[in-house]
Every structure is written in structure tokens, then in C-alpha cells.
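So the protein sequences, as listed, match chains A and B.
The numbering used here puts the first residue of the first sequence at 1, with every later residue one more than the last.
The numbering used here puts the first residue of the second sequence at 1, with every later residue one more than the last.
Hints listed in this document are in silico derivations from the structure and should not be mistaken for laboratory results.
Be aware that a few hints might be false.
[Said to hold, decoys possible] Below, a list of computed lysine to aspartate or glutamate pairs in the EDC-like style, where the Cα atoms sit at most 20 Å apart:
| no. | chain 1 | residue 1 | chain 2 | residue 2 |
| --- | --- | --- | --- | --- |
| 1 | A | K45 | A | D55 |
| 2 | B | K100 | A | E365 |
| 3 | A | K308 | A | D266 |
| 4 | A | K308 | B | E72 |
| 5 | A | K159 | A | E200 |
| 6 | A | K254 | A | E315 |
| 7 | B | K94 | A | E193 |
| 8 | A | K301 | B | D11 |
| 9 | A | K159 | A | E261 |
| 10 | A | K49 | A | E37 |
| 11 | A | K254 | A | D268 |
| 12 | A | K301 | A | E261 |
| 13 | A | K254 | A | E323 |
| 14 | A | K254 | A | E193 |
| 15 | A | K301 | B | E7 |
| 16 | A | K308 | A | E267 |
| 17 | A | K301 | A | D358 |
| 18 | B | K94 | A | D358 |
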Amino acid sequence: MTVQLLQGNRACALGALAAGCRFFAGYPITPSSEIAEIMARELPKLGGKFIQMEDEIASIAAIIGASVGGLKVMTATSGPGFSLMQENIGYAVVAEVPCVVINVMRGGPSTGLPTSPAQGDVMQARWGTHGDHPIIALAPATVLETFELTLAAFNFAEKFRTPVLVLMDEIVGHMREKVALPEVGVSQIVNREMPTVPPEWYEPFGNPPSDVPPLAPFGEGYRYHITGLLHDVRGFPTSRLDEIQPWIDRVFRKIDNNRDEICMWDEDGIDDARVLLVAYGSTARSARQALKLARARYGRKVGLLRLKTLWPFPEEAVERAAENAQRVVVAEMNLGQIALEVERLVGRSKVLRVGRADGQMVTPEQILDAMRASPEQFTRRATPARVQREG
Amino acid sequence: METQRQEARRDLEDRYEVRLAGEGGQGMILAGVILAEAAAVHDDLNAVQTQSYGPEARGGASRSEVVIARGEIDYPKVMSADFLLCMSQEACDKFYTQVKEDGWILVDSGHVSRMPSHRALRVAVSQIAEEATGRRITASMVGLGLIGGLSGVVSRAALEKAVADRVPAGTEEINLKALAAGFAEAERIRRARDRDF
């Protein structure tokens, strides 16, 4: 374990390589480009493949194909590219193809603020592709955690045969921080389950007790059909209710029944907190600073719930943390996305949103202001116009 | 509760915040990376470095922020700088208010004509670079030498190692020369100050 000054995007690439990623297809875009650069340099040394595609639609199509070919795969992008990938993210959900999509979030909508941070793609991650579907999305706050959660993303993708999204932001992506990367042992790496039955018995979309059917790589004698249409256990399109419903139930169940494993968060001083802060990604660092300022200046009892998993939403953690709090402040670099989830769980009247979408970090002072506001001033939405300019 | 409060206070006092602000191409981001690496890798402190720049391929405002501490670092940006290095008038006008009362404001006289405040220290950073190495591009290294020499937040040996590791291969010598010139200028400023008081 050597100590080094490491950038978030590099930690992401190293996490992917440690997880066993051997195929990357992408189209470089600020602020994620370093990930593609590093994968281009490192993958060939490990016998892996890097392809720069013509756009992001092709990028995700390529990784889905490579995954079905048996490799662990990833692509990395930012908002505009993430928009283009939405259709095929749905395809990967329906075809149950393990893949990891990194979105280093920048200011949007459209090409927006290419070099500035944002957390505006949280709801897009949940509902960007059409149709009802479960999804997993993780949000790291530090360089070390970027390494860890990228590794976790691969493990979830392989274990649950699903696309996993990692929502970084420009701050976490470009930030350099002191880290000592851990050695990743074989026991920490999950590989997809392979069929043990002969090819003629193989059901690529069957109903095993785990709810995750084994995935045979193409080209090894297991012939089966893959489609974005809803399909039967062998992969062929169907409109029979007795085949559709079990499939939908299983695809939701494989995520829902494993929420305990998938939902990750950490807590700081929430037991006796009168004010609870909820934050994620780089904004959680602002929130933790605000917590320290509040304790140092006023001795206030403030707690922080920092979400590492955004989807599925860690409902139990939020409910429990907010139980004794009089006020819940949700800080994020958007104008209220995760706040919607928190409001749904703890009630609108208790929640104050602190957000901004102007390409700047939420500052600790901005969060402190919200914590100090008396109930009468409490407008539920901290207006970005009031925010002091930070340059 | 009281211990929680004391802990929080210690934590805040522990932070040393540096902002290096200028224009794209001046090496502000590289200088920030070197400063952070000197602290984190060679001086066994903790450090976080972030950057802000525009979408332009060249030019435009560019800055790097480095927070150095013994303990954990939460907010990665400058809240109130302990050291502000300004390599452009724009940077100077924009950031001089966000400096601690006893913080340093150092401006490059080669790029800044209107001084932001009587507290600001005017140093011919670019000129020193030119004289030391013949290349103005090494001004950022002179700036690093000044930061190291005046603040003492990182050691000279650590900065030298970090410069040698991070600058493009083949330019180590001139960059180290520029760094040394910065340290020499810092020493001169210190002596002049001691005389004044």
C-alpha cells in the first residue's frame, strides 16, 4: 500500500481494472475523459480491449456486446453522453447484461457547463430509460471511495446481471487526494455465474432460486436468443401473460430482495441530532464541513446521513435517521432530486432543500444558513439567487 | 457534546487553504498538483487538490485550490484562503476578498497592475522566472517557491521532490531552478519584513 496523490477519475479506472474489467468502449467527454485515457493505456497491457467509438450510443452498444461475449465491461461519460445511452441502458436491463456505466456529472441540461460540477442526473439515472425497471446507482464522495464503489459496481453488475451506474461529479472526478489503495483479493471479486447444464437444457432467462439466471458467453456452444422485447425463459419474444409477469417479477425481485447488500451509507452523529443533513457525492463533503462548523461555532447537535447508494433508494436508513430530527436538510448540486425521495419518506414539512445548479459546489455556509433559518423563514426550497457568489 | 465541539474546532484550525489563480496555460493547475503532492506524499500531511477552468482550449480563467491538513479534509475547496497567489488581474479582483485576515495575498507584478488591497504583496514573479531560467512559463514554480518559503506549510525538500516527479521529463532542471529562485525571493521578503518591525 503506497501512499499517493491520486485523481478520482484515475481511481475509477484502477477500480475497474482491479474488478477485472477487460473491455472499454467510449467517447471521451469532459469531465470524464481521463477514465478513457487511462483505460486506453492500461487495458492492452492486461490483454484487454479499448475502443474509441463514434458516439455514446455505439459505446454502450459495444460494451453490451462485449459483456455477452463474456467480458467485464465499462463505459464512462458525462451528461450529454449519458442522455444518448439511455435507450441501451434499458436494453441491458431487459437483456440482463452486466455492465458498468460511469457518469461524471457536469452542469446541464444539454452541453451545459462542460467543466463545472453538478448532480443533476440523479433522476435521469433512475428513470432515464423508458418503462418500469429496477436500477442500481452509486455515488462516491472521495477518491478512495471512487475506487471502492467502482469495484462494487462491477460486483453488483456481475452478481445481479444488471447495468450499474456510478454517478460521480466533476469535483470527485478531477479531485486529487491522498490515498493508499487497498490490495484487492480474489475473494472480493464477484464473477457472473456460468451455466452448469448442457447447452440444450440452458435457460438464459430462467427462474433459479437466486433470481439471477447464469449467463453463458456467446461462442461457447450455448445458442440462445437476446432481444429488447420481453421474452420467455429461452429469450424469445412473447406476449403471453404467464411468461411476462414472472419475468417482470423476477427482474424487480433480484434487486429488491438484495437491498440490504446493495444499499450503502454512513452516519455521523445522527442519534441525538435535532438537524439531520442528507447528502451524497462531493456535496456530502460540504455537508460534513457544515456539520463541523455548526458544532464548533454553536455546539449544535447535527447529524449527517451520507448516501453511497442512490438507487435503490436507502429508504430504511433515511426513515431511521430522520426519526428524531426536527428538520431534515437535503443538500445536493441540483434543485431537489434526492430531496423528493426524502420528502416522500419523512414528510414535506420537515424537509428543507439546499441546492444549486449553477456549476458551483454547495458551500458549507449555504448549508449552515439553511440550518439556522427559523421555521417562518423556512421556504422549503433554498433559493439559488440568495447564494453568495463564489466565483 | 463539549468534546465534539472541541474536536470540530481543532479540525477547522488544522486546515491550510491555498488558492492559485491565473489564466489557462500559466501552470496553475500543475502547481496545485505539485503542492498537494509535496504535502501528501513527501511531508506526510493530508492534502486535497481541486481545479476550476473554463471550456476554452487555451486562455480563460484557471485556478487550482489546495487544502492541506494533518487530519481529515472534508470541503475540498477554499473557504477563506491562507494563501492566495494571483497571476492575473481578473484572479486578483475576484478572490482578494476571500482571504483570512492574516493570510497572504501575493500578486505577480508582471500580470497585475491594480493592487487589490494594501495587504497584497507585489512580487515580480514572471520576471524572476525569466531571469532564473529564461522562460516565463516557469513562473508557476517561482510561485510555488514563494508559497513554500513564506508559509512553511510544506518543506522545501518535499516541494523539490514533487517538482522533479511531476514536471515534463527533461525540464526538471529549469523548474527546480525556478523553484529555488522563488525560495530565495521568499527569504529576501522575510528579511525585509524582519527589518521593518
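Now for the hints, and whether the structure bears them out:
This hinted pair does not check out: K45 (chain A) and D55 (chain A) have alpha carbons roughly 25 Å apart, beyond 20 Å. Using a Cα cut-off of 20 Å, the hinted pair K100 (chain B) and E365 (chain A) holds, with the two alpha carbons roughly 16 Å apart. At most 20 Å may separate the alpha-carbon atoms for a hinted pair to count; K308 (chain A) and D266 (chain A) meet this at roughly 8 Å. Note on K308 (chain A) and E72 (chain B): the hinted pairing holds, with a Cα-Cα distance of about 19 Å set against a maximum of 20 Å.
With a C-alpha separation of about 24 Å, the suggested pair K159 (chain A) and E200 (chain A) falls outside the 20 Å cut-off, and the hint is violated. About 17 Å separates the Cα atoms of K254 (chain A) and E315 (chain A), which keeps this hinted pair within 20 Å; it holds. Proposed proximity of K94 (chain B) and E193 (chain A) is contradicted: the alpha carbons are some 57 Å apart, above 20 Å. Only pairs whose Cα atoms come within 20 Å are accepted, and K301 (chain A) paired with D11 (chain B) is accepted, the gap being roughly 17 Å.
A C-alpha spacing of about 11 Å is found between K159 (chain A) and E261 (chain A), which places the hinted pair at or below 20 Å, so the restraint holds. Between the alpha carbons of K49 (chain A) and E37 (chain A) the distance comes to roughly 13 Å, so the proposed pair stays at or under 20 Å and holds. For the proposed pair K254 (chain A) and D268 (chain A), the alpha carbon gap of about 30 Å is over 20 Å, so the pair is violated. The hinted pair formed by K301 (chain A) and E261 (chain A) fails the criterion: a straight-line CA distance of about 30 Å is larger than 20 Å.
Only pairs whose Cα atoms come within 20 Å are accepted, and K254 (chain A) paired with E323 (chain A) is rejected, the gap being roughly 29 Å. Distance restraint check for K254 (chain A) and E193 (chain A): the Cα-Cα separation of roughly 14 Å lies within the 20 Å cut-off, and the hinted pair is therefore satisfied. Proposed proximity of K301 (chain A) and E7 (chain B) is supported: the alpha carbons are some 14 Å apart, at most 20 Å. Taken as a hint, the K308 (chain A) and E267 (chain A) pair is honoured in the structure, with Cα atoms around 11 Å apart against an allowance of 20 Å.
Under the criterion of a C-alpha separation no larger than 20 Å, the hint pairing K301 (chain A) with D358 (chain A) is inconsistent with the structure, at around 30 Å. For the proposed pair K94 (chain B) and D358 (chain A), the alpha carbon gap of about 17 Å is at most 20 Å, so the pair holds.
The earlier numbered hints that this structure contradicts are 1, 5, 7, 11, 12, 13 and 17.
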